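Sequences listed follow chains H and A, in order. In this text, residue positions in the first sequence follow our numbering: the first is 1, and each later residue adds one. In this text, residue positions in the second sequence follow our numbering: the first is 1001, and each later residue adds one.
Hints were generated in silico from the structure; no laboratory data involved. In this text, all values refer to a predicted model and were calculated from it rather than measured experimentally. Don't take every hint at face value.
Distance condition first, Cα-Cα at most 30 Å in a straight line; then the derived DSS-like pairs of lysine-lysine [said to hold, decoys possible]:
#, chain 1, residue 1, chain 2, residue 2
1, H, Lys83, A, Lys1343
2, H, Lys195, A, Lys1287
3, H, Lys189, A, Lys1046
4, A, Lys1197, H, Lys82
5, A, Lys1155, H, Lys82
6, H, Lys83, A, Lys1046
7, H, Lys82, A, Lys1191
8, A, Lys1343, A, Lys1287
9, H, Lys83, A, Lys1197
10, A, Lys1197, A, Lys1286
Heads up, incomplete: computed chain H residues facing chain A, CB under 10 Å, no partners named [claimed, not checked]:
#, residue
11, Gln31
12, Val36
13, Tyr49
14, Ala53
15, Gly55
16, Ala67
17, Ala215
18, Asn219
19, Glu236
20, Gly238
21, Lys239
22, Leu240
23, Ala242
Even for Gly, the Cβ is constructed at its ideal location relative to N, Cα and C.
Residue-level listing of the chains:
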Amino acid sequence: MSNNLFNAGHTACAGCGQSMAARLVIEASGQNTMVVNNTGCLEVFSTAYPQTAWGVPWIHSLFENAAAVASGVEAGLIYLGKKEGTNIIAQGGDGSTADIGLQALSGMLERGHDILYVCYDNEAYMNTGVQRSGLTPFDTNTTTSPVGARSTGNVRPKKPMPEIANAHGIAYVATASAGFPQDLQRKVKKAMSLKGPKYIQVHVPCPLGWRHESAQTVNVAKLAVETGLYPLIEYENGKLIAVRQIHPKPVEEYLKAQGRFKHLANNPEEIKKIQEVADHNIEKYGLKIKAETEEIKK
Amino acid sequence: MKEFIEGSLAVAEAVRLCSPGVISAYPITPQTHIVEELASMVADNKLNAQFVNVESEHSAASVVLGSEATGTRSYTATSSQGLFYMMEVVFNIAGMRLPIVMTCANRAISAPINIWNDQQDSISLRDSGWVQLFAEDIQEAVDLHFIAYKLAEDKSIMLPVMVCMDGFILTHGIETVDMPSQEQVDKYLPKYNTIYKLDVTNPMSMGLLAGPDYYMETRYAIEETHKDILKLLPKLTADFAKIFGRTYNGLVEEYQVKDAEKVIVALGSVCGTVKEVIDELRSKGKKVGLLKITSYRPFPAEAIYEALKNVPKVAVLDRAVSLGSFAPVSSEVKAVFTNKKKKPQVISNFVVGLGGRDITKESIKEIFKLLSTKELTNEFIDLKPELLKESYEQ
């Protein structure tokens, strides 16, 4: 495994799920990759002038336009005759993807550019101090969806970004998790083997925003998948081709590991609602391993 | 070759002759004819470029930002609300020193929504770091595009250039234009080549975070480059004259200024009307003149000082406002003469032609008449008194 594409020495927090995932993504894509980054934690901690962690061509413009800038990078490379053999990744956090950057992303997906878009989903605006985004889960305590006398946190469920991406009729859509590194890298490689727009959404715990020990990042990420709250799914050309099956654990196991859900400890009513979200995912995607088949359904 | 041609089509042809590799745009009146024509050229294989149709002006500017970063000459065009929607990308492009050329078909800003001409759009982005060149007529609009790429891509400059042309008046007007040959353009404008680009064989990070220790120097550097442009632009227009046979100063143009007692300062297409009025008044013995500003950014303070220092009375026309303060061009012309010994006795300013209100020869004559010993500030010309009487009272 090469380690000079995303170098150590950047200023990410201890246990940052996004920095782990970003390294896994670029290493899976390889040296012949150009990266276009939205504004956000990853951009800030990896490229504070005069330093850069990136060993591949990398460009940042604004908060919401990586998908459009990447479209221009692709157009430029096609004009120069240099697109063949060059991977292009546009990437950003959940806010820059699902909220402010959704229009630019939709444009990129609709126009059919040969670009992989990676959304690092840590479920809030972490760079500005844990404000609620469109991908913040139901009942999450954030600084703009605070828990209070008449509030149990964020009032809405996560925006269904994978489905939104998939609705554009693109080549490949997948969710992945910092808790499953090999699965993430396999999906990046799979995406890069297909022409056209691709979308991968990676669940990346943020110890600071989620309030868990920095050593627990991988465990927390795994629990999200194992409870059914973050289903790992893959679509190719609009068809669901694979899901990671689980022995579903109760959602409390995931919730109690994080300070952002601490307020739900003695609130079975709210926990029940969150269990319903997980149950819905388990049902919808067929996540539950049946007794006789103890392996990933293909 | 001389052609009788619409301004937008002429500009599209000029852009084609510049051989951009990537064009991206989003439709907005009155810019549309330019990009429609370019799309046709690509469709007909008359222009080897990637034409990227986007979902917004924000993305149009972002696409050309990305393509320019690969070392590909890139082009976009917009107007009014579109330019405003691009605004943060516009600043970003200048900060990243990407030599993109954009045409701004100057149009009023909403509300009230209005598709007609004034210059509030580009004037409002004067602080972005972009060079802004204003065209008087279609020929100049065409020629400024060659000069714009030449200037933008100069190794000592590396800044984006906005060519501003009055919406409808120039974009939809039809004039005889001397369209240069591909050979002439290629001679003037060599292929774009830069080492500062996205290249897998030489990985580079672009668009980094610059904290308090570094940010200020990046702004200072652009300011210094604007000073360099003031020196370089007249040289580039002199080179232009050698190949194309048309002479521009690049910064300002003096028309009957030398012995003038009254001079109008203006940008853009109104200069044609002013020149006609000057010819008429001169034939009656009136000593009047025009100072046309071509380069609004960088602002040619020294050239303006030299041209106007001995002129007794100056009228600055603004086709934009800075509501609550002095109109933009006039405040800058006045600033030129701060603490100067030689200066006009009077610098009055007139707000004209907002939202497409016609600026007629009568309007210009009225301005010359109003330009007396009494200094006027933000004097709106051609207001309709009957509309001002309307009241909000219930």
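Tested hints:
Simply put, H:Lys83 and A:Lys1343 have alpha-carbon atoms about 59 Å apart, too far for the 30 Å limit, and the pair is violated. Distance restraint check for H:Lys195 and A:Lys1287: the Cα-Cα separation of roughly 69 Å exceeds the 30 Å cut-off, and the hinted pair is therefore not satisfied. In summary, the hint linking H:Lys189 to A:Lys1046 is not supported, as the alpha carbons are separated by about 38 Å, beyond the 30 Å threshold. Pair hint A:Lys1197 plus H:Lys82 holds up; C-alpha atoms about 13 Å apart against a cutoff of 30 Å.
In summary, the hint linking A:Lys1155 to H:Lys82 is supported, as the alpha carbons are separated by about 24 Å, within the 30 Å threshold. Proposed proximity of H:Lys83 and A:Lys1046 is supported: the alpha carbons are some 22 Å apart, at most 30 Å. Restraint check: the Cα-Cα separation between H:Lys82 and A:Lys1191 comes to about 17 Å, which is no more than 30 Å; the hinted pair holds. For the proposed pair A:Lys1343 and A:Lys1287, the alpha carbon gap of about 18 Å is at most 30 Å, so the pair holds.
The suggested pairing of H:Lys83 with A:Lys1197 holds, with an alpha-carbon distance near 15 Å, which does not exceed 30 Å. Of the pairs offered as hints, the one joining A:Lys1197 and A:Lys1286 is violated, with about 56 Å between alpha carbons and a cut-off of 30 Å exceeded. Of the supplied interface hints, the one on H:Gln31 holds, with its beta-carbon coming within about 7 Å of a beta-carbon of chain A, less than 10 Å. Annotation: H:Val36 was flagged as interfacial toward chain A, and the flag holds, the nearest CB pair being 7 Å apart, inside 10 Å.
Interface hint at H:Tyr49: satisfied, since its Cβ lies 4 Å from the closest Cβ of chain A, which is below the 10 Å cut-off. Checking H:Ala53 against chain A by beta carbon gives a least distance of about 9 Å; that is within 10 Å, so the hint holds. Below 10 Å, beta-carbon pairs count as interface contacts, and H:Gly55 has one with chain A at about 6 Å; its hint therefore holds. Residue-level restraint check for H:Ala67 holds (minimum Cβ-Cβ distance to chain A is 8 Å; threshold 10 Å).
Annotation: H:Ala215 was flagged as interfacial toward chain A, and the flag is violated, the nearest CB pair being 28 Å apart, outside 10 Å. About 31 Å separates the beta-carbon of H:Asn219 from the nearest beta-carbon of chain A, more than 10 Å, and the hint is not met. For H:Glu236, the interface hint is violated, since its Cβ never comes within 10 Å of a Cβ in chain A; the closest pair sits about 25 Å apart. Hint on H:Gly238 is violated. Least Cβ distance to chain A is approximately 21 Å, over the 10 Å limit.
Taken as an interface hint, H:Lys239 does not check out: its beta carbon lies about 26 Å from the nearest beta carbon of chain A, beyond 10 Å. With its C-beta approaching chain A no nearer than about 27 Å, H:Leu240 sits outside the 10 Å limit, and its interface hint is violated. Interface hint at H:Ala242: violated, since its Cβ lies 31 Å from the closest Cβ of chain A, which is beyond the 10 Å cut-off.
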